[in-house]
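*Asks:* Please build the complex by placing chain B on the supplied structure of chain A, with the hints as guidance.
Chains as they are written, first to last, in the numbering used here: chain A, 81 to 293; chain B, 19 to 332.
It is worth saying that the hints were derived from the structure and are not from the lab.
Please note that a few of the clues may not be correct.
[Unchecked claim] Here are a few chain B residues that sit away from chain A, every Cβ distance over 12 Å (derived from the structure): (1) Trp68; (2) Leu76; (3) Phe96; (4) Leu97; (5) Leu99; (6) Arg110; (7) Ala115; (8) Leu116; (9) Val119; (10) Arg133; (11) Val216; (12) Ala249; (13) Gly307; (14) Trp328.
[Claimed, not checked] Pairwise CB distance ranges (calculated): (15) A:Ala287 with B:Gly329: 57 to 63 Å; (16) B:Val244 with A:Ala287: 53 to 59 Å; (17) A:Gly98 with B:Ser40: 27 to 33 Å; (18) B:Val129 with A:Glu231: 53 to 59 Å.
[To be verified] From the structure, some residues in chain B lie toward chain A, with a derived Cβ separation under 7 Å: (19) Arg100; (20) Ser104; (21) Ala117.
All C-beta atoms, glycine included, are put in the ideal place defined by N, C-alpha and C.
Next come the chains, spelled out residue by residue.
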Amino acid sequence: MDTIRFTKETLAASAICGFARLLTGARAIWRGCAPAAVQRIYYGNHTSHGDFVLIFASLPGDLRAHTRPVAGADYWNATPLKRWIANDVLRAVMIERQKREGAPNPVEQMVEALDHGDSLILFPEGTRNTTDEPLLPFKSGIFHVAQARPEVECVPVWIENLNRVMPKGQVLPIPLLCTLTFGTPLRAAPGEERDAFLDRLRDGLVALAPPPG
Amino acid sequence: MNPRPELLTLFAGTFGILLVASIAGFLLHHYVARGEPHRVVDSFRERVGWWWVMVVLLGLAFTLGKVGVVVLFWFVSFLALREFVSLTYTRRGDHWALAAVFFFFLPAQYVLVARGWYGLWAVFIPVYAFLTLPIFAAMSADTTRFFERTAKLYSALMVCVYCMSCVPALMTLRIPGFEGGNLLLIAWLVLTVQSSDVLQYLWGELKGKTPLAPALSSSKTVEGVVGGIFAATIVGTALSWLTPFTLVQAAGMALAVNLMGLFGSLVLSAIKRDRGVKEWGTSFEGRRGMLERLDSVIFAAPVYFHLVRWGWQA
Numbered sequence: 081m082d083t084i085r086f087t088k089e090t091l092a093a094s095a096i097c098g099f100a101r102l103l104t105g106a107r108a109i110w111r112g113c114a115p116a117a118v119q120r121i122y123y124g125n126h127t128s129h130g131d132f133v134l135i136f137a138s139l140p141g142d143l144r145a146h147t148r149p150v151a152g153a154d155y156w157n158a159t160p161l162k163r164w165i166a167n168d169v170l171r172a173v174m175i176e177r178q179k180r181e182g183a184p185n186p187v188e189q190m191v192e193a194l195d196h197g198d199s200l201i202l203f204p205e206g207t208r209n210t211t212d213e214p215l216l217p218f219k220s221g222i223f224h225v226a227q228a229r230p231e232v233e234c235v236p237v238w239i240e241n242l243n244r245v246m247p248k249g250q251v252l253p254i255p256l257l258c259t260l261t262f263g264t265p266l267r268a269a270p271g272e273e274r275d276a277f278l279d280r281l282r283d284g285l286v287a288l289a290p291p292p293g
Numbered sequence: 019m020n021p022r023p024e025l026l027t028l029f030a031g032t033f034g035i036l037l038v039a040s041i042a043g044f045l046l047h048h049y050v051a052r053g054e055p056h057r058v059v060d061s062f063r064e065r066v067g068w069w070w071v072m073v074v075l076l077g078l079a080f081t082l083g084k085v086g087v088v089v090l091f092w093f094v095s096f097l098a099l100r101e102f103v104s105l106t107y108t109r110r111g112d113h114w115a116l117a118a119v120f121f122f123f124l125p126a127q128y129v130l131v132a133r134g135w136y137g138l139w140a141v142f143i144p145v146y147a148f149l150t151l152p153i154f155a156a157m158s159a160d161t162t163r164f165f166e167r168t169a170k171l172y173s174a175l176m177v178c179v180y181c182m183s184c185v186p187a188l189m190t191l192r193i194p195g196f197e198g199g200n201l202l203l204i205a206w207l208v209l210t211v212q213s214s215d216v217l218q219y220l221w222g223e224l225k226g227k228t229p230l231a232p233a234l235s236s237s238k239t240v241e242g243v244v245g246g247i248f249a250a251t252i253v254g255t256a257l258s259w260l261t262p263f264t265l266v267q268a269a270g271m272a273l274a275v276n277l278m279g280l281f282g283s284l285v286l287s288a289i290k291r292d293r294g295v296k297e298w299g300t301s302f303e304g305r306r307g308m309l310e311r312l313d314s315v316i317f318a319a320p321v322y323f324h325l326v327r328w329g330w331q332a
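Chain A on its own, in the form it takes in the complex (with noise of 0.2 Å):
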């Protein structure tokens, strides 16, 4: 049983969930799980750095405590401020998108965190989408930690609008309703092939997308 603490971390959490409801009002629909404390990794479609911050705020705060991002070492480890947050205040998981020598295994880093009891969200398209195809190919980091720890649900989290709200490049957001849509809960069957379990993993997301228009 965790206790309640008031830190400068969890406030700055608070402070940054509050701003993304009042920029974006981040509407969870769960249309195929419920909001549960079950062991979950959310993977969604990448068109913007806040995507992470909003999937969080959209979360309950029960199950908020018990998940952590996945983010890009380059970006997020960029300035003190970014690392403050990434780290400290989202207890992200700070993977290195390039593969470096000397660097930590991101699938290992993932899977220890699931073994420490908390849920990941994880963009397997790795770099966000700028282009008018839905989603961008997945990497295969998704597949391997899904097969080192089955047992956990892959929750597909489609996010619409939020490309609108900041699109790459501007740093002024602008407030526009966005949704975060929570569909049917994936697992990797035993011996499923890489390319057979990403395409299914892509197929559930890609039909909680609006039709186009």
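*Replies:* This is chain B only, laid out in the frame that chain A set:
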């Protein structure tokens, strides 16, 4: 400034009515709907819930006086604008124009209203914002659907900011013999127009047969609208003791604001239909958004403001 005694009577009366309505809604939910979802009962309870929110927020704002009222409607404008712009087509080239709308024109309009600078706030949006916004869009050198994008920003500002700001602007009118009573003018407007919404809905449920504008709204019927506006005009007339109006003037004024309110909800329905959505960006599934709740106040406010200004201000 002491609160006018009428205001206390009004709030006490409204609380009493809402309490009765809440109890009725609770009983209907348990004994008619048997705790199950029920279209009419749920809609009734949702409306009663909104009235509680509205009355409590107005009450809080009223205790803070003019600043409270201005800040409340500023925030309401912000929520409405956020809904409106979310549903309209914009492009990356509109980023700076949108930033100007949210972070400059919206606050500036409310500051001008609070200062009572009528000569400027009355033209600030329809002249200066309308001149500036297409400049931003043109500078972005993106001409795709340019005219349409500009028109949509104009509508958003008029509906969500300009019209809405006419409600707190009532605080700045100076009416001889009615000093310190401006809050009552706002209370009268909101109660009359919002009761028209409820009464049209009730009449429509009870007597509604002939659709009024099937292309715009599936719920509005001729019987509901005529009955509801008639009943709400009686409400407005009966509340004339809040206002500087005589009985006949109050009846005329109530009819005017209720008709404008009806047109407001029809126009906003038309915009929604054009965008192919059923509800303005709602905060929860099945709940109405800010624009749905306030569409009638938005269209009634400027007409009401100017009628009072020309008819009663010194």
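*Asks:* Do Ala287 (chain A) and Gly329 (chain B) keep their Cβ atoms within the hinted range of 57 to 63 Å?
*Replies:* Since Ala287 (chain A) and Gly329 (chain B) have Cβ atoms about 59 Å apart, the given range 57 to 63 Å holds.
*Asks:* Would you check whether Arg100 (chain B) satisfies its interface hint, that is, whether its CB is within less than 7 Å of any CB in chain A?
*Replies:* OK, holds: Arg100 (chain B) within 7 Å of chain A, min 5 Å.
*Asks:* Val216 (chain B) clear of chain A by more than 12 Å, beta carbon to beta carbon?
*Replies:* Since the minimum Cβ distance to chain A is about 26 Å, Val216 (chain B) lies beyond 12 Å and the statement holds.
*Asks:* Does Leu99 (chain B) really sit off the interface, with its C-beta more than 12 Å from all C-beta atoms of chain A?
*Replies:* About 8 Å separates Leu99 (chain B) from the closest Cβ of chain A, which leaves it inside 12 Å; violated.
*Asks:* For Ala115 (chain B), is the shortest beta carbon distance to chain A beyond 12 Å?
*Replies:* About 10 Å separates Ala115 (chain B) from the closest Cβ of chain A, which leaves it inside 12 Å; violated.
*Asks:* That 53 to 59 Å hint for Val129 (chain B) and Glu231 (chain A) (C-beta), does it hold up?
*Replies:* holds (57 Å)
*Asks:* Run the C-beta distances from Leu116 (chain B) to all of chain A and say if the shortest one exceeds 12 Å.
*Replies:* violated (5 Å)
*Asks:* Given a hinted range of 53 to 59 Å, is it respected by the beta-carbon distance of Val244 (chain B) and Ala287 (chain A)?
*Replies:* violated (46 Å)
*Asks:* Examine each Cβ of chain A, and state whether all of them lie more than 12 Å from the Cβ of Trp328 (chain B).
*Replies:* holds (36 Å)
*Asks:* Leu76 (chain B): least C-beta distance to chain A exceeds 12 Å?
*Replies:* Per Cβ check, Leu76 (chain B) is outside 12 Å of chain A; nearest 21 Å; holds.
*Asks:* Going by Cβ atoms, does Val119 (chain B) stay more than 12 Å from chain A at every point?
*Replies:* violated (9 Å)
*Asks:* For Gly307 (chain B), is the shortest CB-to-CB distance to chain A above 12 Å, so the non-interface label stands?
*Replies:* Non-interface label fails for Gly307 (chain B): nearest chain A Cβ at 9 Å, not farther than 12 Å.
Checked against the numbered hints given earlier, the structure breaks hints 3, 4, 5, 6, 7, 8, 9, 13 and 16 and satisfies all the rest.
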